[in-house]
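**Q** If you read the protein sequences in the order shown, they are chains A and B.
For the first sequence, our numbering assigns the number 47 to the initial residue and increments by one for each residue that follows.
For the second sequence, our numbering assigns the number 128 to the initial residue and increments by one for each residue that follows.
Among the hints, erroneous ones may be present.
Chain A stretches covered by chain B per the calculated footprint, using a threshold of three residues with CB under 8 Å from any CB of chain B [said to hold, decoys possible]:
hint	stretch
1	180-194
2	218-232
3	274-283
Below, simulated BS3-like cross-link-like pairs (lysine-lysine); rule was C-alpha separation at most 27 Å, straight line [claimed, not checked]:
hint	chain 1	residue 1	chain 2	residue 2
4	B	K129	B	K151
5	B	K151	A	K363
6	B	K229	B	K333
7	A	K88	A	K173
8	A	K266	A	K161
9	B	K333	A	K161
10	A	K161	A	K149
11	A	K373	A	K305
12	B	K338	A	K363
13	A	K173	A	K130
14	A	K161	B	K338
15	A	K161	A	K130
16	A	K363	A	K373
17	A	K130	A	K266
18	B	K229	A	K305
19	A	K305	A	K129
20	A	K373	B	K333
21	B	K338	A	K305
22	A	K173	A	K161
23	A	K305	A	K266
24	B	K229	B	K151
25	A	K363	B	K411
26	B	K248	B	K229
27	B	K411	B	K338
Simulated from the structure, these hints should not be mistaken for laboratory data.
In this text, a Cβ means the ideal position worked out from N, Cα and C, and glycines have one as well.
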Amino acid sequence: MAEFTLRLRRYDPESGDAAYWEEHTIDLEPHRSVLEGILQAKNRDDGSIGIRCSCRAAICGSCGVRINGRPDLACHTHLDHAKKHSSDGVIEVEPMGNMPVIKDLIVDMEAVHWKKIRRVTPWLIPKQPVPEREYVVPREAMVDVTQSMACIQCGACVSDCLSMEVDPEFIGPAALAKAYRFVGDPRDDQHFERLQDLAEDPHGIYDCTHCFQCIDACPKGVAPMSQIMRLRRLAGNDFAIEDRNNGERHEAAFVSLVKQYGLLNEAELLPRSYGGDTPLAKFKPSAAAELTSSLPAIAKALLRRKVTPAAVFKPHKLAPADRAEVKRIYETVEGRDERVEFNIYISGRDEDLT
Amino acid sequence: MKVAYWPGCVSRGFTPELHGSMAKIAPLLDIELVALDRASCCGAGVIAEHNPELADTLNARTFALAQQAEGTALMMNICSTCQGAQSECQERLDASAEYRAKINETLAADGLTYETGLSNKNFLWLLVEEMGLDELRSRVVRPLTDLRVGPFYGCYIVRPVTRLGIDDAHPRDAYLGQVIEALGGTVTDYAGAHKCCGFPIITMNKDASLKQAGRHLGDAVDAGADCLVTPCPLCHLNLDLQQPLAERVVGRDLGMPVLHLPQLVGLALGVSPSELGLQRHVVKPTSVIDWTTSVVGEVGAPSAGG
Ligand code: SF4
Ligand code: SF4
Ligand code: FES
């Protein structure tokens, strides 16, 4: 037995008072979970502490909270580990972010998380005609979607998504990972429609700021951001969806500029992201409008000699021999019949096998 | 210490003062830079989004070139995004001999091979892990006394924690604070230090992108920071170059100077602000220059704007 102190965030909307912190001392073995600690405080000190839980085994996804500022499952975090990573020896537990608090540590998953999950049509739309018996699919195809199927809907990734923090309408990591689960499923009949919908939505796949928060937040290794990148890959490359958000244009411009110069030529990237992947992009109306609206920043940069006119007109690039090597790599890799995607989640590491 | 030096693209394009200041301070730290001038763009996550094998092959080529750079102890970068994008590729390359062989097959045409075991460290990591904070402290000639500096890391250098080797023995997500203190400055805690500058979606959702930059800059203002410091030139673009637009989106004046890490180190090593290219920033580093009153005359920043 050991003694731990929990600092819980309390909030009761019916009281009319603001949220506050409250400390509880508990006695449990160090390998027991933060959830058990909270439940002991609830049983011994104050039955009104609000916490949602069910399985206590990291399966049901009910007990998502923030522990010492990071989202996690309370039943999946050892007390000694949590104490070690606290700022002052006291384990701090608060409700998840990006969702309204119902009471204490319980957030309104329905208002945010589930609404977004429903947004992506989270069920299979089967290919017609439906076979008399089961669908027969290649094994690899289902292995590919297992990572997104590992989701237990705990909301930890939603809690700390940095795009959602500034854009609450962003569909978000959990729902987009769920979308990949069906886009990657060969039995589904609506891959193109699903992708077009998510690419054209201003709060869809191109609204993710690539911040990796959801990868670290997820207790199940779903890596939602990686699933979002796969959705983009399929939408932009395989289905050639030219979305209104410049997502596909930005990627295409970036990739082809590096192919051409070996280095990134940012002065060309901006206009091409708006106007399309051509040197004439900067003269297109959409690009011109954007450049004009960015003018104060660019004018100031020119004034400070930060961006010299030469940098705009004479891009930095590799020597010809190296440009040729880069180009050949592009041609070899892009010339393959099938794109190679090595995913450590699925393949594992060599050292894991020995 | 001799390092295979990867400056990245942005540090030679839109933020030339970053590469310039690194080149200025390297001799003062006894770091010999062997530039990888044959290497290509790391892809900044965008090439990996397009085709992971392509990004892995391009970066394997860079790693192979670094391994060929004679007498170098390791590879060093000066960009959080290069660090993250390259670490992601290296993680895949190192995970499987079979996959590595496939990539090396493509490189073989140009006589290159990547072998596991290359250490690739951002300048920030190198300062703390290779040079050591005591050594850095001993070289400070103009301590940043009374300068309140807010760290801004950039997502790519702090997440995912396992890929980036962040653990109890290597608290790399706390190194900026340690360096600021070693230089004699004061660390300002504020909410945004480990958050996203918003740059990756600047062309896709400009409003959300600038809201992120504006929010973190505003938090730093409220926490009383004199300036921010970042190891990431892409963060610098959204936090400095775009700051006037971010001010409009969040509806408040910010005026928060943002320094590149080598610039902050350079100031403490006694290099003048103009040699570090501080006059090139969009937001005038007045608060920083006031502090080094002795050199204020050398800063040729035009007085317009700021
Ligand atoms: S990577 Fe994208 S989805 Fe994941 S937390 Fe960041 S912004 Fe949200
Ligand atoms: S993706 Fe991971 S963090 Fe997000 S809801 Fe599913 S299990 Fe939870
Ligand atoms: S109680 Fe079910 S996941 Fe924690």
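**Q** Look at each hint and say if it fits the structure.
**A** Status of each hint after checking the structure:
1. Under a criterion of three residues with beta carbons nearer than 8 Å to beta carbons of chain B, the stated coverage of the stretch 180-194 of chain A fails, only 0 such residues being counted.
2. Counting residues of the stretch 218-232 of chain A whose beta-carbon sits less than 8 Å from any beta-carbon of chain B gives 0, not enough to reach three: the coverage restraint is violated.
3. Only residues whose C-beta sits within less than 8 Å of a C-beta in chain B count toward coverage, and the stretch 274-283 of chain A has 5 of them, enough to reach three; the restraint holds.
4. For the hint linking K129 of chain B to K151 of chain B, the alpha-carbon distance of about 15 Å falls within 27 Å, and the restraint holds.
5. Simply put, K151 of chain B and K363 of chain A have alpha-carbon atoms about 23 Å apart, close enough for the 27 Å limit, and the pair holds.
6. A distance of roughly 39 Å separates the Cα atoms of K229 of chain B and K333 of chain B; the hinted pair therefore is violated under the 27 Å criterion.
7. Taking the CA atoms of K88 of chain A and K173 of chain A, the gap is near 50 Å; set against the 27 Å cutoff, the hint is violated.
8. A threshold of 27 Å between alpha carbons decides the hint, and for K266 of chain A with K161 of chain A the separation of about 21 Å falls inside it, so the pair holds.
9. Simply put, K333 of chain B and K161 of chain A have alpha-carbon atoms about 25 Å apart, close enough for the 27 Å limit, and the pair holds.
10. A hinted pair counts as satisfied when its Cα atoms are at most 27 Å apart, and K161 of chain A with K149 of chain A qualifies at roughly 20 Å.
11. A hinted pair counts as satisfied when its Cα atoms are at most 27 Å apart, and K373 of chain A with K305 of chain A qualifies at roughly 6 Å.
12. The hinted pair formed by K338 of chain B and K363 of chain A fails the criterion: a straight-line CA distance of about 33 Å is larger than 27 Å.
13. Straight-line distance between C-alpha atoms of K173 of chain A and K130 of chain A comes to about 52 Å, which puts the hinted pair past the 27 Å bound.
14. Restraint check: the Cα-Cα separation between K161 of chain A and K338 of chain B comes to about 24 Å, which is no more than 27 Å; the hinted pair holds.
15. Among the hinted pairs, K161 of chain A with K130 of chain A is inconsistent with the structure: their alpha-carbon atoms are about 36 Å apart, more than 27 Å.
16. At roughly 13 Å between alpha-carbon atoms, K363 of chain A and K373 of chain A fall within 27 Å of each other, so this suggested pair holds.
17. Distance restraint check for K130 of chain A and K266 of chain A: the Cα-Cα separation of roughly 22 Å lies within the 27 Å cut-off, and the hinted pair is therefore satisfied.
18. Between the alpha carbons of K229 of chain B and K305 of chain A the distance comes to roughly 21 Å, so the proposed pair stays at or under 27 Å and holds.
19. Between K305 of chain A and K129 of chain A the CA atoms are separated by roughly 49 Å; this puts the pair beyond 27 Å, and the hint is violated.
20. Using a Cα cut-off of 27 Å, the hinted pair K373 of chain A and K333 of chain B is violated, with the two alpha carbons roughly 32 Å apart.
21. Note on K338 of chain B and K305 of chain A: the hinted pairing is violated, with a Cα-Cα distance of about 32 Å set against a maximum of 27 Å.
22. A C-alpha spacing of about 26 Å is found between K173 of chain A and K161 of chain A, which places the hinted pair at or below 27 Å, so the restraint holds.
23. At most 27 Å may separate the alpha-carbon atoms for a hinted pair to count; K305 of chain A and K266 of chain A exceed this at roughly 37 Å.
24. With a CA separation close to 40 Å, the supplied pair K229 of chain B and K151 of chain B exceeds the 27 Å bound.
25. Annotation: proposed proximity of K363 of chain A to K411 of chain B is violated, straight-line Cα distance about 30 Å (limit 27 Å).
26. Simply put, K248 of chain B and K229 of chain B have alpha-carbon atoms about 25 Å apart, close enough for the 27 Å limit, and the pair holds.
27. Proximity of K411 of chain B to K338 of chain B is assessed by CA-CA distance (about 21 Å); at most 27 Å being required, the pair is judged to hold.
In this structure, the earlier hints numbered 1, 2, 6, 7, 12, 13, 15, 19, 20, 21, 23, 24 and 25 are contradicted, and the remaining ones agree with it.
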